[in-house]
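K.L.:
Sequence:
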Amino acid sequence: MAKQPALPTQAEDFSAWYNELVYKADLVDLGPVRGAFVIKPYGYALWENIQRELDAMFKAAGHENLYFPMLIPMSYFQREAQHVEGFSPELAVVTHAGGAELEEPLAIRPTSETIIGELYAKWVQSYRDLPLLYNQWCNVVRWEMRTRPFLRTSEFLWQEGHTAHATEAEARAEVRTMLDVYARLAEEFAAVPVIKGEKTEGERFAGAVETLTIEAMMRDGKALQSGTSHYLGQNFARAFDITFNDVDNQQAFAHTTSWGLSTRMIGAIIMSHGDDQGLILPPKLAPHQVVVVPMGRSNDEEGRTRVRAEVDRLVAALRAAGVRVKVDDRDASPGAKFYEWEQKGVPLRVDLGPKDLDAGTALVKDRLKDEKDTVPLSGLVDHLVAALPDFHARLFERARAFREARTVEAHTWDELVAGVEKGFVIAAHCGDPASEKAIQEATKATVRCIPLEGVSAAGSVCVHTGRPSGYANKVVFARAY
RNA sequence: CGGGGUGUAGCGCAGCCUGGUAGCGCACUUGACUGGGGGUCAAGUGGUCGCAGGUUCAAAUCCUGUCACCCCGACCA
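Quick note: the first sequence uses our numbering, first residue 53, plus one each step.
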């Protein structure tokens, strides 16, 4: 096998690096329809692992899964003014079915607030029916102008949680709780450090009163919104008549929330950790945590047999220890396998051949290190089991340090302009949407969020208008995906 | 929706200007040698040149139309 053309480097063209890597690492393939990508097994396995971890956290927080239909009567979108304005441009609509034109066109869900609102109205009569704490795993379709694998696709997979509560305080608490769940998934599983914050008015979800977000920094310094949690107030309750009798037999509108995390998280993982050699996957979500490459010459049947026996023992022990391990026993050259698994971002690789057996050791290659470690066979399983959480910690710290190094606090306009070229800028802002827009036009950067735990803006003036800060904390400016 | 580009083997491309047997690299198949960082040699498989018209003795190539996709912007998880 000859050398493949190298991946473009991140430094020369980050975008090309990403676009080529998702194909080379076998995560996706192009579908026949624009912007609709096939998620291949290696990419889908990542999603399955994300699903498994998130789903467990949802359930631990008291939620149940259910499923709503994908087709939504068009008229439902008209009921909430902000919502229809936000979503109608990107709706895909079914106008024909069963060989005839439909009386009312059906939208393919871009998100399910409307159809769920309609049904929640039916399910809620009394305060005793609340809260409703439901989630669904599904696909949605948004006809975006421009698409990129995982980051923005015509159809994507996600989960959408929809809850209804008797009080505002309870609903707002739910929104925070679920944001924390997303932050945990990002940091403790994906090793992606995130900033938790609130969206400004202009960046809010269509129809929401408050939108909370987790924002991560990609390796080109740009921000990626990786999960959102919305307090919808009583907007959708009013639009869909979700009312109930409270303890005092007074009729009241419910307070609803919605929160979603999509396959975009896979893009966040790729762009937070990947390097010029390819992917680097976080061990807790990686389809294969350890790949074993057996060595041995084809004419050395005895050596191969010994290696195979040792590999079988190793794999059994690792599986018993809960490690996801794959043996690459394909008939290909070892070098080709090394490059492939490195590009696919497998955290740890074990090379094992007759020479190693004679020495009683194995070679362990760590995706974050340049050199291989020689590890005694007797302690190999323990070494690998311990190396995985350590790998996670180093990966997270690497991403955190990268973000810190590219985050500056700006006190002047010039500092803001210079800062967003490299990464995040912390600065005070007056909160005027017109100023936000002007900043975007001048710098291509937007307010990513007002951090929940951030730098106090008390006494600070807006970096753009010089007016007093409109928020308690300084905001995060960045260019975004 | 604006700007740019591309449709030729599974992938990446050349050929088109100047019409005349459809080519190269990788991948794939078979065999031998090889095997600790993208192996070598040899022999092979695979194409209605995006689609529809037109010009011509003859079209991947020229003309007209059309469709699709990709990339860069504005909009969005």
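In case anyone wonders, no lab produced these hints; they're calculated from the structure.
Just so we're clear, the structure is a prediction, and the values are computed from it rather than from any experiment.
For each residue, glycine too, the CB sits at the ideal point set by N, CA and C.
It cannot be assumed that every hint is accurate.
List of simulated lysine-lysine pairs, BS3-like, C-alpha gap at most 25 Å [said to hold, decoys possible]:
(1) Lys-336 x Lys-76
(2) Lys-378 x Lys-421
(3) Lys-76 x Lys-489
Here are the in silico distance ranges between beta carbons for each label pair [unchecked claim]:
(4) Ala-372 x Glu-461: 29 to 37 Å
(5) Ala-372 x Asp-422: 24 to 32 Å
(6) Leu-123 x Arg-290: 43 to 51 Å
(7) Lys-489 x Asp-425: 20 to 28 Å
K.L.:
Taking the CB of Ala-372 and the CB of Asp-422, does the distance hold inside 24 to 32 Å?
P.N.:
For Asp-422 against Ala-372, whose Cβ atoms are near 31 Å apart, the range 24 to 32 Å holds.
K.L.:
Could you check the hint for me, namely that Leu-123 and Arg-290 are 43 to 51 Å apart, CB to CB?
P.N.:
violated, 24 Å
K.L.:
For the pair supplied as a hint, Lys-378 and Lys-421, is the alpha-carbon distance within the 25 Å limit?
P.N.:
holds, 20 Å
K.L.:
Has the hinted range 20 to 28 Å been met by the Cβ atoms of Lys-489 and Asp-425?
P.N.:
violated, 53 Å
K.L.:
Is the Cα-Cα distance between Lys-336 and Lys-76 25 Å or less?
P.N.:
holds, 22 Å
K.L.:
Given the hint of 29 to 37 Å, check if Ala-372 and Glu-461 actually sit that far apart at their C-beta atoms.
P.N.:
violated, 50 Å
K.L.:
Please verify whether Lys-76 and Lys-489 have alpha carbons no more than 25 Å apart.
P.N.:
It is violated: about 38 Å lies between the C-alpha atoms, which goes past 25 Å.
The structure fails to meet hints 3, 4, 6 and 7 from the earlier list, while all remaining hints are met.
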